[in-house]
Amino acid sequence: MKAVILANGEFPSHPTPLNELLDAPLLVCCDGAIENLEKLAITPNALVGDLDSIKEHLKKKYQSILHHDPDQNTNDLTKAVKWCIGNRINDIVIVGATGKREDHTLGNIGLLSNYARMGANVKMLTDTGVFYPLLSSSTIGSYVGQQVSIFSPNNQTVITTKNLKYPIENKTLPEFWMGTLNESLGDKFEISFSPGPLIIYLKY
0 MKAVILANGE
10 FPSHPTPLNE
20 LLDAPLLVCC
30 DGAIENLEKL
40 AITPNALVGD
50 LDSIKEHLKK
60 KYQSILHHDP
70 DQNTNDLTKA
80 VKWCIGNRIN
90 DIVIVGATGK
100 REDHTLGNIG
110 LLSNYARMGA
120 NVKMLTDTGV
130 FYPLLSSSTI
140 GSYVGQQVSI
150 FSPNNQTVIT
160 TKNLKYPIEN
170 KTLPEFWMGT
180 LNESLGDKFE
190 ISFSPGPLII
200 YLKY
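Numbering of the sequence shown is given in numbering that gives the first Met the number 0, commencing with residue 0 and proceeding in unit increments.
Just so you know, the hints here were simulated from the structure itself, not pulled from any lab data.
Note that the structure is a prediction, hence the values are computed from the model and not measured.
Here a beta-carbon is modelled for each residue, glycine too, at the ideal position from N, C-alpha and C.
Hints may contain errors.
[Said to hold, decoys possible] Taking lysine-lysine and the DSS-like style, the derived pairs with C-alpha atoms no more than 25 Å apart in a straight line are:
| no. | residue 1 | residue 2 |
| --- | --- | --- |
| 1 | Lys-58 | Lys-38 |
| 2 | Lys-59 | Lys-38 |
| 3 | Lys-54 | Lys-38 |
[To be verified] Label-pair distances were calculated between CB atoms; the ranges are:
| no. | residue 1 | residue 2 | range |
| --- | --- | --- | --- |
| 4 | Ile-41 | Gly-106 | 20 to 30 Å |
| 5 | Thr-42 | Asp-90 | 19 to 29 Å |
| 6 | Asn-120 | Lys-58 | 28 to 38 Å |
| 7 | Lys-164 | Leu-57 | 46 to 56 Å |
| 8 | Tyr-165 | His-67 | 42 to 52 Å |
| 9 | Thr-171 | Leu-105 | 15 to 25 Å |
| 10 | Ile-64 | Gln-155 | 34 to 44 Å |
| 11 | Gly-106 | Ser-12 | 18 to 28 Å |
| 12 | Lys-59 | Pro-24 | 24 to 34 Å |
| 13 | Ser-137 | Pro-24 | 21 to 31 Å |
| 14 | His-56 | Asn-154 | 44 to 54 Å |
| 15 | Leu-57 | Lys-99 | 16 to 26 Å |
Model the full assembly from the supplied sequences, consistent with the hints where possible.
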């Protein structure tokens with residue numbers, strides 16, 4: 000089964016993340032985001048977090064689906080991912096995880112590789128594109144002219160690409176910006192790397 004997690008960033012407006020949310024077979028809501036669902040009269044299957052940003056009347060209303068995780072060393076998004084994995088749901092789509100505060104946005108994107116190491120098949124949909132982690136070399140479906148950015152959390156990772164406008168050959172990306180603003184030349188491109196991980200962004 001696939002789960003969609005709604006985080007407490009900007010509520011999605013682009014059709015791609017919004018439709019994922021509306022059509023979710025199982026919807027997990029980070030606690031502070033429940034007010035967005037209230038406005039749409041949508042009830043999630045689970046409401047997860049440390050419950051510090053949810054109003055008391057909503058705690059009572061959703062008591063039957065509340066899953067309190069008081070761990071202050073993880074954010075609510077990570078708590079929601081752990082809840083999914085703990086319930087044997089590894090196919091995860093995250094929406095609403097960007098916007099509002101830039102530090103939260105960067106943190107949430109950076110956590111994707113952690114979630115992959117935990118066993119999740121995870122991607123993050125924003126209003127402009129999709130982020131997802133890679134733990135091993137991959138061929139990625141694309142289209143001519145699609146904008147591609149590559150982020151390397153491990154600055155020792157050696158990367159080679161094929162079928163990108165600006166090829167990377169046996170290089171590291173020690174600076175955050177170095178793999179940004181590339182472009183696909185076809186219906187797929189290849190990324191080979193070791194040791195990893197990488198985080199990829201594809202514009203819609």
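Structure-based check of each hint:
1. Annotation: proposed proximity of Lys-58 to Lys-38 holds, straight-line Cα distance about 16 Å (limit 25 Å).
2. This hinted pair checks out: Lys-59 and Lys-38 have alpha carbons roughly 17 Å apart, not beyond 25 Å.
3. About 15 Å separates the Cα atoms of Lys-54 and Lys-38, which keeps this hinted pair within 25 Å; it holds.
4. Checking the proposed 20 to 30 Å range against Ile-41 and Gly-106 shows it holds: the Cβ atoms sit about 26 Å from each other.
5. With their beta carbons about 21 Å apart, Thr-42 and Asp-90 fall inside the hinted range of 19 to 29 Å.
6. One distance hint, 28 to 38 Å for the beta-carbon pair Asn-120 and Lys-58, holds here, with the actual separation near 31 Å.
7. Range check, Lys-164 to Leu-57: Cβ separation about 48 Å, and the 46 to 56 Å hint holds.
8. The hint said 42 to 52 Å for the Cβ distance between Tyr-165 and His-67, and at roughly 47 Å that hint holds.
9. For Thr-171 paired with Leu-105, a C-beta distance near 20 Å keeps the hint of 15 to 25 Å intact.
10. Take Ile-64 and Gln-155: their Cβ atoms lie about 43 Å apart, and the range 34 to 44 Å holds.
11. The hinted window of 18 to 28 Å between Gly-106 and Ser-12 holds, with their beta carbons roughly 22 Å apart.
12. Between Lys-59 and Pro-24, the C-beta spacing of about 27 Å keeps the proposed range 24 to 34 Å intact.
13. Range check, Ser-137 to Pro-24: about 26 Å between beta-carbon atoms, so the 21 to 31 Å window is met.
14. A C-beta distance of roughly 48 Å is found between His-56 and Asn-154, which places it inside the suggested range of 44 to 54 Å.
15. For Leu-57 and Lys-99, the Cβ-Cβ distance of about 19 Å falls inside the hinted range of 16 to 26 Å, so the restraint holds.
Against the hints set out earlier in the document, no violation occurs for any number.
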